[in-house]
Each structure stands twice: as structure tokens, then as C-alpha cells.
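In my numbering, the protein residues as written are 92 to 448.
Treat the hints as calculated values from the structure; they're not laboratory data. Given the structure is predicted, the values throughout are model-derived calculations rather than measurements. Treat the hints loosely; a few may be bogus.
[As the list claims (entries may be wrong)] Dumping the calculated SDA-like pairs for lysine to any residue here, alpha-carbon to alpha-carbon at most 20 Å:
id, residue 1, residue 2
1, 121, 158
2, 352, 365
3, 96, 155
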Amino acid sequence: MIDGKLLIYSIMIVAVTFYLIKYFITIAPKLGLVDIPNERSSHKRVTPRGAGVVIGFVFFISIFLIDAGFALEHLNALVAIFIVYLCGIIDDQKGLSSKVKFLFIIVSSIIISLDGYVISNIGTFLGHDIELSFLAIPFTIFAVVGLTNGLNLTDGLDGLAGGISAVILATILIVGIQNDDKTLIIIPTIVLSILAGFLLLNWNPAKVFMGDSGSLFLGFTISFLAIKALSYVTPTAALFLVAIPVLDTMIVIRRRLQRGKSPFSADKNHMHHILYKMKRNVKFTVSTIIMIQGVFALIFLQIINSSDILNVILFLLLYLIFFNLFDPRTRRRHKKKKKKEEAKEVTYVELLKRKNA
Numbered sequence: 092m093i094d095g096k097l098l099i100y101s102i103m104i105v106a107v108t109f110y111l112i113k114y115f116i117t118i119a120p121k122l123g124l125v126d127i128p129n130e131r132s133s134h135k136r137v138t139p140r141g142a143g144v145v146i147g148f149v150f151f152i153s154i155f156l157i158d159a160g161f162a163l164e165h166l167n168a169l170v171a172i173f174i175v176y177l178c179g180i181i182d183d184q185k186g187l188s189s190k191v192k193f194l195f196i197i198v199s200s201i202i203i204s205l206d207g208y209v210i211s212n213i214g215t216f217l218g219h220d221i222e223l224s225f226l227a228i229p230f231t232i233f234a235v236v237g238l239t240n241g242l243n244l245t246d247g248l249d250g251l252a253g254g255i256s257a258v259i260l261a262t263i264l265i266v267g268i269q270n271d272d273k274t275l276i277i278i279p280t281i282v283l284s285i286l287a288g289f290l291l292l293n294w295n296p297a298k299v300f301m302g303d304s305g306s307l308f309l310g311f312t313i314s315f316l317a318i319k320a321l322s323y324v325t326p327t328a329a330l331f332l333v334a335i336p337v338l339d340t341m342i343v344i345r346r347r348l349q350r351g352k353s354p355f356s357a358d359k360n361h362m363h364h365i366l367y368k369m370k371r372n373v374k375f376t377v378s379t380i381i382m383i384q385g386v387f388a389l390i391f392l393q394i395i396n397s398s399d400i401l402n403v404i405l406f407l408l409l410y411l412i413f414f415n416l417f418d419p420r421t422r423r424r425h426k427k428k429k430k431k432e433e434a435k436e437v438t439y440v441e442l443l444k445r446k447n448a
């Protein structure tokens, strides 16, 4: 249960975050932290970015103010989160290659793994626990890097990354309350409060973007909390907890490989890009994807301890549905088919004219 002290701090965090980000907006241009629209942008005007600087700052200050003892107990995890946060700040300011960013995340993943936050098994199948043994740390690093990057890639429309993160964190908080887990209560509550203050300024039309300092911070923090939550949920159920970032990453990588491109190349084939092209409405796109993540969260809460085999089958079915539903080629095929039909119709009309002549 969230106690009164934490609730009061939460309200204060919302207000402090909101006003600090408003101040950040005024100084961001002087720091060179602005986003200039390009061919991949959905916005049309220069917008301050890098509000993740404030998000991380408020988080670290808050966690020590609320419970210094708790913060010191989790010092290694906080150091790991700070390293990823620092990586995001540098990337927002100077720009980093994907390889360098991966290196930062890998180092942080190793730190939390050595601190005991490891994915040690991937579920029970046909009555046998699949223990990862010596592969546990490498698999944990792979999962954390993938999820952190996946959340980072959702930061393409106003309020999207923040909204998805809020749904995931709220779900983790429910697990924390159900199991009276201090880590899964304090950290999600703080980050949710920060996101509430941020989203007031990031919702469409956004006055500021979080930048990589925000999206990488959120992605890694959620990865850490998801691993902690595995104490209470089956590993395969956790796939639904973080469904949108995972599905989006899997689908995009498969499409890039099919086209002979690098899985790390940039394109406009993410879920939010495809949905946005349908209606050209940012609020509709963002709200729809957040609601889909909300549905996945509800499924997660229902299957927390369900059969791993059934969970995997259900998730693979959803993957296939999403892969075909959010297929950018469908629209192009429809246009080509329409043009062919129009061409046939024109040819038929011309033949009739010639015949009548």
C-alpha cells in the first residue's frame, strides 16, 4: 500500500517536475537542445528537447529525499540507471552512435546483473523449468538492451513514450502493492509522478520533448523493475507487461532484415508511423497505442501465473496479427491495385470508343 508520506511526496513531485520543465523550455535553445523538424518528424516547428534531464534529476533527488536508506540499499541499481541517464544527456547534447549507446546500456545491465537482478529462467514447459544457468547474465543483458532500445524507439509522437511508460509503471505498481514490495512501490510511484508533470507539457501539441535522456532513462528503469517483478510473475507473462515496445521492435527488425537493411537503420515503419499515416492525427494515434498497451496490461494481470506454453502461444499469435495489421506494404499494394484497375477501366473505355467509331 502507498503510505501517506509517499502520496504527499508524489503530489509535490508532479508540481516540481512541471515547473522545472517549464523553466527548462526557456533555456533549452541556449543549451542547443532543440529538435529541428526533418522528413521523419511529425511536428512542423522547432521544439525544445532533452526534458529527460529534468526527469532524471527529479528522480534521483526524490528517491534520496523520500527514503535515503532505501536508496542506499539500491545504490548499485541507481548507479546503473544514472549511467544510462548520463548516456542520454550526452546523446541529446552531442549525439552518440547506436554502438556507443548500446555499450552504456550493456555496462549498466552488467551492474544490475551482478547485483542479483538476473533473468535466471524463461519459464516452465512440459513440466520442466528452463534454467538459463551460465546464460542468465548474457540473456539478461540482451533483454535489457532490447527493451531499453524498444522504449526509446517509441518516442516518435507527442506523449507516446511517456504514455506507454506510464501504463507499464502503473501495472508494475499494482504488482508491487499486491506483494507489498517496497522497490515495486517506491520507484514506480516516483517515476509516475514525474511523468504526470512531464506529460502536461508533452501532450500534443508538445511544448517539449523528453529526448534520449528521458526515453533511455525510462526504458532502463522499466527493464530493472520488470526483472524485479519476475519474483512474482512468470517470465512469459512479462512479455505482455512490455508488449508494445517488444512487438514494435520485433516487427521492425524483421521487416528491415527482409529488405536486406541493417536492423539498426532508421525508417518510418514503426507502429506509430503506420497508424499515423492512416488518419494523420497525432492524438488519435497516441491514444490508440496507449490503450492497446493498457489492454495488454490487463491481460498481463490476468495471466501472471498462467501456463508458460499458453502465454507464449498467445503472444506469438498477437505478434503475427500485429505484423500483418501494421504492414506499410498493405497500403502501397492497395494503391497499385487501384491504379491497375483504373488503367484497365481506361483501356476498356478506349476500346469501346474505337468500336463505336
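Unsatisfied constraints (hint numbers, rising):
1
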